[in-house]
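Listed below are the residues making up each chain.
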Amino acid sequence: MDENELSEYGYFEGLFRNARENSIIILDAKGIVQEVNNAFTSCFGYTPHEIIGQHGRVLFTEQDRQKGLPEKEIQKVLLEGQAYDNNYLVRKNNSITWVSGESVIVKNNTGEVRILKVVQDIQQQKISEASFERLNNFNESILRSIEDIVVVLNEQLEVITGSPSFYNLFGNASNFNLPVRFDHIIKTFDNSGDLQGKISDTISSKKGFINYAVEIVLPNIENRMYDISCSALEQEGQTNVIVVFHDITSQKQAEREREDIIGFVAHELRNPLANIVLCTEIMGEALQENKLDEVASLLVRTKNNVMRLNKMIAELYDTTRIQSGNLVLEITSFNLKDMIKEAVDTIEILQPAYNIQVKGDADLMIRGDRYRLIQVITNYLSNGIKYSNGKLDVFLNIKHDKKNLTISVKDMGLGITREQLPHIFERFFRAEKTRNLEGIGLGLYLCRQIILHHNGKVWAESELHKGSEFYFSIPL
Amino acid sequence: MEHILIVNNDEDTMSLLKMWLEKKNYKVTYTSKRDEVPKIVKEYNPRLIIVDVLQKEVVETLRIDEETSKVPVLLMTGYTQRQNLSTIQVDDMIEKPFNLRLLEKKIERLVS
Chain A
1 MDENELSEYG
11 YFEGLFRNAR
21 ENSIIILDAK
31 GIVQEVNNAF
41 TSCFGYTPHE
51 IIGQHGRVLF
61 TEQDRQKGLP
71 EKEIQKVLLE
81 GQAYDNNYLV
91 RKNNSITWVS
101 GESVIVKNNT
111 GEVRILKVVQ
121 DIQQQKISEA
131 SFERLNNFNE
141 SILRSIEDIV
151 VVLNEQLEVI
161 TGSPSFYNLF
171 GNASNFNLPV
181 RFDHIIKTFD
191 NSGDLQGKIS
201 DTISSKKGFI
211 NYAVEIVLPN
221 IENRMYDISC
231 SALEQEGQTN
241 VIVVFHDITS
251 QKQAERERED
261 IIGFVAHELR
271 NPLANIVLCT
281 EIMGEALQEN
291 KLDEVASLLV
301 RTKNNVMRLN
311 KMIAELYDTT
321 RIQSGNLVLE
331 ITSFNLKDMI
341 KEAVDTIEIL
351 QPAYNIQVKG
361 DADLMIRGDR
371 YRLIQVITNY
381 LSNGIKYSNG
391 KLDVFLNIKH
401 DKKNLTISVK
411 DMGLGITREQ
421 LPHIFERFFR
431 AEKTRNLEGI
441 GLGLYLCRQI
451 ILHHNGKVWA
461 ESELHKGSEF
471 YFSIPL
Chain B
1001 MEHILIVNND
1011 EDTMSLLKMW
1021 LEKKNYKVTY
1031 TSKRDEVPKI
1041 VKEYNPRLII
1051 VDVLQKEVVE
1061 TLRIDEETSK
1071 VPVLLMTGYT
1081 QRQNLSTIQV
1091 DDMIEKPFNL
1101 RLLEKKIERL
1111 VS
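Protein chains in written order, with this note's numbering: chain A, 1 to 476; chain B, 1001 to 1112.
By construction, these hints were calculated from the structure, which means they are not laboratory data. Take these hints with a grain of salt, some might be off.
[As the list claims (entries may be wrong)] Here are the simulated DSS-like pairs of lysine-lysine, each with C-alpha atoms no more than 25 Å apart in a straight line:
| # | chain 1 | residue 1 | chain 2 | residue 2 |
| --- | --- | --- | --- | --- |
| 1 | B | Lys1105 | B | Lys1027 |
| 2 | B | Lys1033 | B | Lys1018 |
| 3 | A | Lys359 | A | Lys291 |
| 4 | B | Lys1033 | A | Lys391 |
| 5 | B | Lys1033 | A | Lys291 |
| 6 | A | Lys291 | B | Lys1056 |
| 7 | A | Lys291 | B | Lys1024 |
| 8 | A | Lys399 | A | Lys359 |
| 9 | B | Lys1105 | A | Lys386 |
| 10 | B | Lys1024 | B | Lys1070 |
| 11 | B | Lys1018 | B | Lys1056 |
| 12 | B | Lys1018 | A | Lys303 |
| 13 | A | Lys291 | B | Lys1070 |
| 14 | A | Lys187 | A | Lys126 |
| 15 | A | Lys386 | B | Lys1033 |
| 16 | A | Lys457 | A | Lys399 |
| 17 | A | Lys337 | A | Lys457 |
| 18 | B | Lys1105 | B | Lys1070 |
| 19 | A | Lys311 | A | Lys341 |
| 20 | B | Lys1023 | A | Lys303 |
| 21 | A | Lys341 | A | Lys291 |
| 22 | B | Lys1105 | B | Lys1024 |
| 23 | A | Lys291 | A | Lys399 |
| 24 | A | Lys466 | B | Lys1033 |
| 25 | A | Lys386 | B | Lys1018 |
| 26 | A | Lys466 | A | Lys402 |
| 27 | B | Lys1027 | B | Lys1070 |
| 28 | A | Lys252 | A | Lys303 |
| 29 | A | Lys252 | A | Lys359 |
| 30 | A | Lys466 | A | Lys386 |
Extracted from the complex, chain B is given alone in its bound form:
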C-alpha cells in the first residue's frame, strides 16, 4: 500500500481526502503542522506529498534536505492566478475545488 502525506490548513479537507484515498487503497497521514513534516517524511517515507499552496514553504524545506528532496510533491492551489509559484519545485499542481478524476490520475502517475 503506497503511503501519501497530506499537508494542509483545513482539517476537513485533509480528513475527507484521507477517506477518499483510503478507498483507493492508499495509506494516508496528514498534518497541518509545518515543522513536523520533515520528521514524518523521514519516518514514513511517503511515495507522495500533497501540499496546499498556503503551506508552500514546506516544499522548500523538503527540497533542501537530501533525505527528503526526492519525494514527489503535488501542490493544491485555490488561486486563479498562479502567482509566485515559479520558484517552488513541485512535480504537479491541482486546482481547488478538485476535479477528482484528474486528481486520481495525477496521484497514480506520481506514485508509480
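So here's chain A without its partners, still in its complex pose:
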C-alpha cells in the first residue's frame, strides 16, 4: 500500500500502519490472520501476502503449538476480551524472538469479531537482562568464593552487600538491627578505632587506601591480623566504598617465628665467637709471659671454635635450602666400605680419644649422594660422642639385605628421655638446654631430610643413662 494513500485511512489506521516498534496482527475469531502492519513484516519477515489467510499458530514455536497455546490464547481473548503474555514467537526464517504480546477484541466495519494482537519484540531487552543476571551471578560467585572478606558500604556506612566471610567474622546479619551499620559492628572488633575513620575519609575524599594493617579482636579465639584496602565506587550518584580484608595472621606469625629463630641462631653463633675472643685475649697474655705451650693449646681451641662456627653456618644454609625445596642430591654409585672409612676417619681426627668400632659387612656398591651420606654418618657419630658422657666406645653397625641398607650408631652415654625421643629429629631441638651441647639443633634435622631425600627413614632407640642408638635405612 502506497504511503500517499494513508490520508484516506483514519487516525487509528495510520497508527496501525506506521508503528515501528509494535507489530500488529489482526486475526479472525478462528485465529486466521486477516491483516498485518509493516512493523510485523520487518520483525517476522513475512509480507502481508505471505501471512494473510494462514492460521496465527505458524508464529508459535512447535512446543507451544503442541501445548495448544495459540488456541488457548484466542479462547481467552474471546471469553475475557483481553489476553497478555510473554513468549517466544517464530520468524519466517525459523529464528525465534522473545516478545511481549497483548490481544484485544475489536469489531470490523461489518461487525465481525476480530482479534487485534500487538506484539513488542523485547529480545534485546531479554538479552541484556540475561547478561546482567549473568554478571550479577558472576559477581556473587566471586564474592562467595574468595577467602578475603569483602564488604560494600554506602555513604552512611550501611552494609549493602558482604561476602559470607564478612558475616562469618562479624556475626550473622540477622544479629544486627537492619540496616547493618558497619561502624557499629567494627567498633567492638577494632581496638585502634582508626579503620572507621579511614573508611569515612575514603567516602569524603573518594581516595581509597591499601595495605592498612588492623588487628581484629575476636572473642574466645586468637586475634587476627588483616591487611585492609578500600576504594570508592561511584554508583548512581552515591559514593559507595568497597572494603577488602586480607588475612595476614599466619604471615605475621611466620615473621615472628623467623625473628625468634634468627635471635636464637645469632645467640648460638656468638658462643664460638665469644670463645675466639677469649682465646686471642688469653693468648696475648700468654705470649707476654712467654708461655708458648699455652699459646699452642689456645690456637687449637681457636681453630675448633672456627670449625664449630663453620659447621653451624653450613647447617643453617642447608636448612634454608631444604626449606625452600632446593636440596638436590648428587647420586652416584660407590663402595660403602670406603665411604664408611672416610666418615670414621673424619671423626677420629677430631675426637682421637674415642674408639669407634665398625661392625657388619660393608663391602658392597650402593647408590646415593656420597657426600651427604658421609654427613649423616659423621653427624650420628659426633652426636654419639657428644652424648657419650665420657664412655669412649661408640659402635657403628651395618646391616643389609636385598632391599635395604641399615646403618646405626650406638653410644653407651646419657640416653634420651621418653618424652624427648619423638622430637629429636625436629628442627632446633636440643636434648636439654642445661647440658654442654654445642650446635643449634639442626644436625639431626638435616640427617633426616637427607635420608628422606634418599627415600629412606631415620629413627632412634634410647634408654636414659644407658645410651642411644640412631638408625637410618635406605633402599638398595
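Starting from the structure of chain A, add chain B where the hints point.
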C-alpha cells in the same frame, strides 16, 4: 681471692673464662647444671655469678631464696634485641662476643 661462679651452656666458654679470670686473680667455679647452682652458691658463697641468658631461670631461683638473693648477677647475652629480659633482676649485662675490657670493669665493679 674473690670467688666467681659461672653458669653457662658452653663448656669451652666457661673454661676459657675461668682461665682468663684466674689470670686476674679470681677464683672460678663453673657449671652448666642449673639445679646445682643454689647448692654451689650456698657452699662457696661467691661474690658474683655470671649467668648466660639461656640459663636465665637460675636467676629467678636465686632471687627467691633469701640466702642467695643478695649475690650480684651479671647476665651474658647474645641476643641483639633485649627481649623478655625486663622481668629478670640482674645487676648488669654484657653482650657476646665480649668486649673484655668492659667485662673486666663490670666484674671489678660488681665484686667490690
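Results for each hint:
Proximity of lysine 1105 of chain B to lysine 1027 of chain B is assessed by CA-CA distance (about 17 Å); at most 25 Å being required, the pair is judged to hold. A hinted pair counts as satisfied when its Cα atoms are at most 25 Å apart, and lysine 1033 of chain B with lysine 1018 of chain B qualifies at roughly 17 Å. For the given pair, lysine 359 of chain A sits about 44 Å from lysine 291 of chain A by alpha-carbon distance, which is inconsistent with the 25 Å threshold. Of the supplied pair hints, the one linking lysine 1033 of chain B and lysine 391 of chain A holds, its CA atoms being roughly 20 Å apart against a limit of 25 Å.
Taking the CA atoms of lysine 1033 of chain B and lysine 291 of chain A, the gap is near 32 Å; set against the 25 Å cutoff, the hint is violated. With a C-alpha separation of about 36 Å, the suggested pairing of lysine 291 of chain A with lysine 1056 of chain B is violated against the 25 Å cut-off. Of the pairs offered as hints, the one joining lysine 291 of chain A and lysine 1024 of chain B holds, with about 16 Å between alpha carbons and a cut-off of 25 Å not exceeded. With a C-alpha separation of about 9 Å, the suggested pairing of lysine 399 of chain A with lysine 359 of chain A holds against the 25 Å cut-off.
Among the hinted pairs, lysine 1105 of chain B with lysine 386 of chain A is inconsistent with the structure: their alpha-carbon atoms are about 35 Å apart, more than 25 Å. Of the supplied pair hints, the one linking lysine 1024 of chain B and lysine 1070 of chain B holds, its CA atoms being roughly 24 Å apart against a limit of 25 Å. Between lysine 1018 of chain B and lysine 1056 of chain B the CA atoms are separated by roughly 20 Å; this keeps the pair inside 25 Å, and the hint holds. For a cut-off of 25 Å, the pair hint linking lysine 1018 of chain B to lysine 303 of chain A stands: about 19 Å separates their Cα positions.
Distance check on the hinted pair: lysine 291 of chain A and lysine 1070 of chain B sit about 39 Å apart at the alpha-carbon level, beyond 25 Å; violated. The hinted pair formed by lysine 187 of chain A and lysine 126 of chain A fails the criterion: a straight-line CA distance of about 45 Å is larger than 25 Å. Of the supplied pair hints, the one linking lysine 386 of chain A and lysine 1033 of chain B holds, its CA atoms being roughly 16 Å apart against a limit of 25 Å. Simply put, lysine 457 of chain A and lysine 399 of chain A have alpha-carbon atoms about 15 Å apart, close enough for the 25 Å limit, and the pair holds.
A threshold of 25 Å between alpha carbons decides the hint, and for lysine 337 of chain A with lysine 457 of chain A the separation of about 21 Å falls inside it, so the pair holds. Note on lysine 1105 of chain B and lysine 1070 of chain B: the hinted pairing holds, with a Cα-Cα distance of about 20 Å set against a maximum of 25 Å. Proximity of lysine 311 of chain A to lysine 341 of chain A is assessed by CA-CA distance (about 21 Å); at most 25 Å being required, the pair is judged to hold. A C-alpha spacing of about 22 Å is found between lysine 1023 of chain B and lysine 303 of chain A, which places the hinted pair at or below 25 Å, so the restraint holds.
Using a Cα cut-off of 25 Å, the hinted pair lysine 341 of chain A and lysine 291 of chain A is violated, with the two alpha carbons roughly 38 Å apart. Between lysine 1105 of chain B and lysine 1024 of chain B, the direct Cα distance comes to roughly 12 Å. Compliance with the 25 Å bound is thereby established for this hinted pair. Proximity of lysine 291 of chain A to lysine 399 of chain A is assessed by CA-CA distance (about 51 Å); at most 25 Å being required, the pair is judged violated. Restraint check for lysine 466 of chain A and lysine 1033 of chain B: the C-alpha separation of about 20 Å stays at or below 25 Å, so the hint holds.
A hinted pair counts as satisfied when its Cα atoms are at most 25 Å apart, and lysine 386 of chain A with lysine 1018 of chain B qualifies at roughly 22 Å. Between lysine 466 of chain A and lysine 402 of chain A the alpha-carbon distance is near 32 Å, which puts this suggested pair outside the 25 Å criterion. Proposed proximity of lysine 1027 of chain B and lysine 1070 of chain B is supported: the alpha carbons are some 19 Å apart, at most 25 Å. Between lysine 252 of chain A and lysine 303 of chain A the CA atoms are separated by roughly 40 Å; this puts the pair beyond 25 Å, and the hint is violated.
Of the pairs offered as hints, the one joining lysine 252 of chain A and lysine 359 of chain A is violated, with about 50 Å between alpha carbons and a cut-off of 25 Å exceeded. For the hint pairing lysine 466 of chain A with lysine 386 of chain A, the CA-to-CA distance comes to about 14 Å; that is within 25 Å, so the pair holds.
The earlier numbered hints that this structure contradicts are 3, 5, 6, 9, 13, 14, 21, 23, 26, 28 and 29.
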